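Student: Position chain B against the provided structure of chain A, taking the given hints into account.
Here the protein sequences come in this chain order: A and B.
So for the first sequence, the working numbering puts the first residue at 114; every next one is plus one.
So for the second sequence, the working numbering puts the first residue at 225; every next one is plus one.
Calculated from the structure, these hints are not laboratory results.
The structure presented is a predicted model; accordingly, all values stated were derived computationally and were not measured.
Honestly, I wouldn't trust all of these hints.
What the hints assert, rightly or not - Far from chain B by the CB rule (all over 10 Å, computed), these chain A residues:
(1) T147
(2) G172
(3) I175
(4) I209
(5) Q212
(6) G269
(7) G274
(8) R348
(9) E382
(10) D407
(11) W521
Said to hold, decoys possible - The list that follows gives simulated cross-link-like pairs (lysine-lysine, DSS-like), each with its CA atoms no further than 27 Å apart:
(12) A:K228 / B:K666
(13) A:K349 / B:K602
(14) B:K602 / B:K589
(15) B:K589 / A:K228
As the list claims (entries may be wrong) - Label-pair ranges, simulated between beta-carbon atoms:
(16) A:Q500 / B:V530: 30 to 38 Å
(17) A:S176 / B:S342: 36 to 44 Å
(18) B:A631 / A:S176: 47 to 55 Å
(19) B:E386 / A:P395: 54 to 62 Å
(20) A:Q500 / B:S400: 47 to 55 Å
Backbone N, C-alpha and C fix where the C-beta goes; we use that ideal spot for every residue, glycine too.
Each chain is listed here by its residues.
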Amino acid sequence: MTDEPNINPSRRTFLRGSAAAGAGLMATAAHAQTADPLITEVQDYASGFGDPVDAAPYGTPISHEAHVVRRNVEWLTESPVSSINFTPIHALEGTITPQGCAFERHHSGAIDMTKQDYRLMINGLVDRPLVFTFEDLMRFPRHITTAFCECAANGGMEWGGAQLEGCQFTQGMIHNMEYTGVMLRDLLAEAGVQTAGKWVYVEGHDASSNGRSIPLEKALDDVMVAFFANGEALRKEHGYPVRLVVPGWEGNMWVKWIRRIAVYDQAVEGREETSKYTDLMPDGRARKWTWVMDAKSVITSPSPQAPIRHGAGPLVITGLAWSGNGRVTRVDVSTDGGNTWAPARISGDAKSKALTRFHHDMNWDGSEMFILSRAVDETGYVQPTKQALRDIRGTNNVYHNNAIQVWWVRADGEVENVEIA
Amino acid sequence: MSKSPEFPTILAVTGWATAATVAAFVMANTGHAPGEAVGVPMGSASAEASPVTDTVAEAEVVPAPAATAEAPTTAPAAEIILAQAAPEPTATGSIAPAAAEHPSMPANPLGLGRAALSEEIDAWDVAVLPDGTGLPVGSGDVETGDEVFAANCASCHGDFAEGLDSWPVLAGGDNSLTDPRPVKTVGSYWPYLSTVFDYVHRSMPFGSAQTLTPDDTYAITAFLLYSNGIVEDDFVLTNENFTSIVMPNADGFYPDDRAQTEYPLFTGEPCMENCLPGTPQVTKRAIDLKVTPTDADGKPAGTLPVLSDAPAIPAVVQVAADEAPAVPEPVAEAAPVAEAPAESAPVETAAADPALIAAGATVFKKCSSCHKVGEGAKNAVGPTLNGIVGHDAGTVEGFKYSNPLLAMAEAGLVWDEANLNAFLENPRSFMKGTRMAFAGLKSEDERSAVIAYLASLGG
Chain A
114 MTDEPNINPS RRTFLRGSAA AGAGLMATAA HAQTADPLIT EVQDYASGFG
164 DPVDAAPYGT PISHEAHVVR RNVEWLTESP VSSINFTPIH ALEGTITPQG
214 CAFERHHSGA IDMTKQDYRL MINGLVDRPL VFTFEDLMRF PRHITTAFCE
264 CAANGGMEWG GAQLEGCQFT QGMIHNMEYT GVMLRDLLAE AGVQTAGKWV
314 YVEGHDASSN GRSIPLEKAL DDVMVAFFAN GEALRKEHGY PVRLVVPGWE
364 GNMWVKWIRR IAVYDQAVEG REETSKYTDL MPDGRARKWT WVMDAKSVIT
414 SPSPQAPIRH GAGPLVITGL AWSGNGRVTR VDVSTDGGNT WAPARISGDA
464 KSKALTRFHH DMNWDGSEMF ILSRAVDETG YVQPTKQALR DIRGTNNVYH
514 NNAIQVWWVR ADGEVENVEI A
Chain B
225 MSKSPEFPTI LAVTGWATAA TVAAFVMANT GHAPGEAVGV PMGSASAEAS
275 PVTDTVAEAE VVPAPAATAE APTTAPAAEI ILAQAAPEPT ATGSIAPAAA
325 EHPSMPANPL GLGRAALSEE IDAWDVAVLP DGTGLPVGSG DVETGDEVFA
375 ANCASCHGDF AEGLDSWPVL AGGDNSLTDP RPVKTVGSYW PYLSTVFDYV
425 HRSMPFGSAQ TLTPDDTYAI TAFLLYSNGI VEDDFVLTNE NFTSIVMPNA
475 DGFYPDDRAQ TEYPLFTGEP CMENCLPGTP QVTKRAIDLK VTPTDADGKP
525 AGTLPVLSDA PAIPAVVQVA ADEAPAVPEP VAEAAPVAEA PAESAPVETA
575 AADPALIAAG ATVFKKCSSC HKVGEGAKNA VGPTLNGIVG HDAGTVEGFK
625 YSNPLLAMAE AGLVWDEANL NAFLENPRSF MKGTRMAFAG LKSEDERSAV
675 IAYLASLGG
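Isolated chain A (complex conformation) (with noise of 0.2 Å):
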C-alpha cells in the first residue's frame, strides 16, 4: 500500500515521455487515459478455473493461434497428394520449426506406416545385404543434429519477378527442426560398402519412393536417419517412423519413410534428379547435382503477413538466415534498399546448415522502407541479388532462388512483396 502513492506518478511521467519521443506511442497513452477494464475487474479467468490436466492429452496451439498454420497455394499443383505447402514463418519465432506447421511436400501424399510394419533394407555394393526392423534401428549408436531442409523449390516462383505476398509462400518452403537418429554410415558400415560403391541411393515406401542418389562422401559425412523431431516421434507427413536427414543440401534429398538404402557404382539418375532438380541455364543446358543450398535470409516480420500496427517509434526486425554451406555469422539490415546496410544482431546460437536467427531493433520514422537481410557465411559467401541471379542463371532456373528479399513497408505499416531498382 505504501508504495502504490510511487506508482501513478512514474507511470505517468513515464507515458508523457514516451509520448513526447514518438506519435506513435500517443495511441497506446491514451487508452491509459481511462481505466482498463482488464485491469480494473476481476476476470472470469482470474477468479474461476482454467482446464484441468488432460484436457488435451497431447496439446494443440491455443485456438487464438489458429492463423498460424501451414498454407498452400493451390494454382501450383495439379493434386493436393502431390503437392507443397508453406511454413508460417511469418508467425514463428526463434530457430525451432515445431512439426505440426513445419512444410509438407509428398509426391504421392503421406502414408500411414506403423513402427511394426516398418523394414529397412540395405543392398547393392554391400558384402552383407540386410533388412533392419525399427527396433533394430534403435540399437545404433544414436545422434543429434539441428538442420534445416529446405526445399530446391523454395522461392522459385519469384524468379520472374515478385509473386507472392508473404514470406510463408516466399521463402516458407523451410523447416528447422532438432533431429535423433543414427548416421547413415554406422548402418553402411554394417553392411560393409565394396570398393566400387560410390554412391548411395534412398528411396521411400510411398508409391512416389521418390529415390536420391547422394554421393558416398556425403553419405559418410553427416547425413542421418532420423526417428526423433523436436523431441517427439516423427510426423506423419515428415516421414514417420523414419526419415533421411542430409544437412545443408536440397529437401528433396531427405526422403521420408525411408524403405532401401542402395550401394552403386553410379548415380542412379531417377526422375527427381533429372527431369526434376535440375537447374536449367540461359543456354538451354542444365546444371544437375545441384544439392547444397546457399546462403540466404529473409526478414520475417514485418511482412506482408505480418503489418506494422504500432505506427512510429521502436520497431523489431526479425528474420531467418541459414546457408548449407556451414555456419552463418552474420546478417545485415537494410532499411533503404540496399543503400545502407547496419548488421543485425545474431539471436542464440548460430549453428552450421541450421536456421539462424537474427533481430535488428529501430525506431521507424513511420516514413516508407524497403527492408532487406543479407546473409554471410562462415566461407565469407554473402547472399547475392535476385538480378545477380539472374545475370548467371536467367529466369528459367526454378531451383535454388537465394536471393536477396525485398520489402515495401508503406506509411501505414502494411507490407508489399516488390523488387526494387
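Tutor: Coordinates of chain B only, in the frame set by chain A:
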C-alpha cells in the same frame, strides 16, 4: 557418362579429409567383417584412393575460394563430434577412435539386422540405372504401348502425351529449352531412358503405382520414344536394345559448378554504405498479379490478426477504414458453412452425419486432383461430381466418357450408394477398361465417408 569424369565438384572441394575417410571406411568395413569372407584385398584400399585423389587434383586446378574448400569438412565435424562426445559401448564392445578431422565409423559391425533374402531384394530393388543395371527381362512395342498408355496414362497425360490441364507434358518441346517458357519433356529434356522406365515402373500410374508389368513398362517407354520422334512406329524396345537408345538431350547436363562460376563472385566483404547509384524505385509488385491466397478480408492468407481494437497509426496516414473489415472475419467465414446444409437437404435426406461428411471431405482430397466439385466446378481429368449420388451414370454434360462407362450407362447404371461403393472399392474390377487410373479405396469407412460427402453436394 555417370562415372568419375562427372564426379561432383562439390565433392572435390571437400578435399583430403574426406578422401582419407572413404579409404579408411572401406578398409575398416571390409577388413573386420566377423565370420564372413569379405574377399577384398587390402590393396584395394589404395587403389580406391587414387580416383579420389584425382578429384582433389581437379579442385586445385579450379580456382575455388579457400574458405569454401574448408567449409564442408569443418562444419559438420564440429556438430557430429559433439554428439559423439560420449560413445557408448556397443554389442561388439568398441567404437573406433574418432579421426581428428572427421567423424569415424565403428570398426566392427554390431551384428544388427538380418540377411536380406534374394526374393526380398527382387521385390524391392526395382531401380534401373543409366547403364541398364536393373532392367528386367522383357519387351514392348510402340503399338502396344499406345494401348497401355491410353488405358493407364492418358487420363492425365493426354492421348498423345501432350499433358492435360497442368499434368506433365511428356512429348514435344523440341529446342524449347532456351525459350521464355521451356517445355521440359521426356524427349526435350530427360537425359536417360532408364529414368523413364524406372519411374513408370515404380511410381506410375499415379494412384496405382507398381501395377504395371515389365512388358507394359517397356511398351509405354517405347510409345513415349515414338511420341517424341526418337523411334519409328514399328519399334520394339527390349532389355537387349535398351541402352542403345541415346536421348536427344543426353549431353544437356553438367555437374553443379556454382563453386567455380558463382561463389567467387559472391564472396568478399560486402558494401555497407553508398551501395546504390540512385534512389531505388519499385519495378514489380506482387500485389499486381493477384495470385496469392487471401483471407476473407482480402489480405494475404494467414495475415496476423489485429490485436488492438483501436490500432495506433501515425497521424498523417488514414487507414482506419481499411483496417476495420479485418475484425468481423469469423462472420464471413460462417456464411458458407451455413449454406452447406441447405444445399445438401434435397439430396439423400436420410440422415446426413456431419462428422461422416467431414471425414468424406478429407478422403475426397485423394479424388480432387481429377474430380472437381462445388459451385462453378468444371470437368477436369474426370467429370464433375455434384449431385452424382443417385444420378444416372455417364450424364455429366460436356465430359468425354470412356466406352466401358458409356456401355454400362446404356445398360442402366445408376450411381446409387451400392454401385458407387463397389466401383470405389475396385474401379477396374467393377468397370473393366475404365479410364479412372485410381486404384480404389480399400477401406469401407473411407468409401462410406466419401459417398456421404458426395451426397452432401447439391446438383
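Student: With reference to the structure, classify each hint as holding or not holding.
Tutor: Each hint tested on the structure:
The beta carbon of T147 of chain A sits about 12 Å from the closest Cβ of chain B, which is more than 10 Å, so the claim that it is off the interface holds. Separation of G172 of chain A from chain B is adequate, the least Cβ-Cβ distance of about 21 Å exceeding the 10 Å criterion. At roughly 13 Å, the least C-beta separation between I175 of chain A and chain B is larger than 10 Å, which holds for a residue marked as non-interface. Non-interface call for I209 of chain A relative to chain B: holds, since the shortest CB-CB distance, roughly 16 Å, exceeds 10 Å.
Once the 10 Å rule is applied to beta carbons, Q212 of chain A is consistent with being away from chain B; the minimum gap is 18 Å. Every Cβ of chain B is farther than 10 Å from the Cβ of G269 of chain A; the closest lies at roughly 14 Å, confirming the non-interface assignment. Chain B draws G274 of chain A into its interface by the beta-carbon criterion, the shortest separation being 4 Å against a cut-off of 10 Å. For R348 of chain A, the condition that its CB be more than 10 Å from all CB atoms of chain B holds, with the nearest at approximately 16 Å.
For E382 of chain A, the condition that its CB be more than 10 Å from all CB atoms of chain B is violated, with the nearest at approximately 5 Å. The non-interface label for D407 of chain A is inconsistent with chain B: the shortest C-beta to C-beta separation is roughly 7 Å, within 10 Å. With a cut of 10 Å on Cβ distances, W521 of chain A falls inside the contact zone with chain B, its closest approach being about 6 Å. For the given pair, K228 of chain A sits about 21 Å from K666 of chain B by alpha-carbon distance, which is consistent with the 27 Å threshold.
Between the alpha carbons of K349 of chain A and K602 of chain B the distance comes to roughly 33 Å, so the proposed pair goes past 27 Å and is violated. Simply put, K602 of chain B and K589 of chain B have alpha-carbon atoms about 16 Å apart, close enough for the 27 Å limit, and the pair holds. Of the pairs offered as hints, the one joining K589 of chain B and K228 of chain A holds, with about 26 Å between alpha carbons and a cut-off of 27 Å not exceeded. Taking 30 to 38 Å as the suggested C-beta distance range, the pair Q500 of chain A and V530 of chain B conforms, at roughly 36 Å.
Taking 36 to 44 Å as the suggested C-beta distance range, the pair S176 of chain A and S342 of chain B does not conform, at roughly 55 Å. At about 53 Å, the beta-carbon gap between A631 of chain B and S176 of chain A stays in the expected band of 47 to 55 Å. Distance hint check for E386 of chain B and P395 of chain A: the Cβ-Cβ separation is about 26 Å, which falls outside the suggested range of 54 to 62 Å. Checking the proposed 47 to 55 Å range against Q500 of chain A and S400 of chain B shows it is violated: the Cβ atoms sit about 25 Å from each other.
Against the hints set out earlier in the document, violations occur for numbers 7, 9, 10, 11, 13, 17, 19 and 20.
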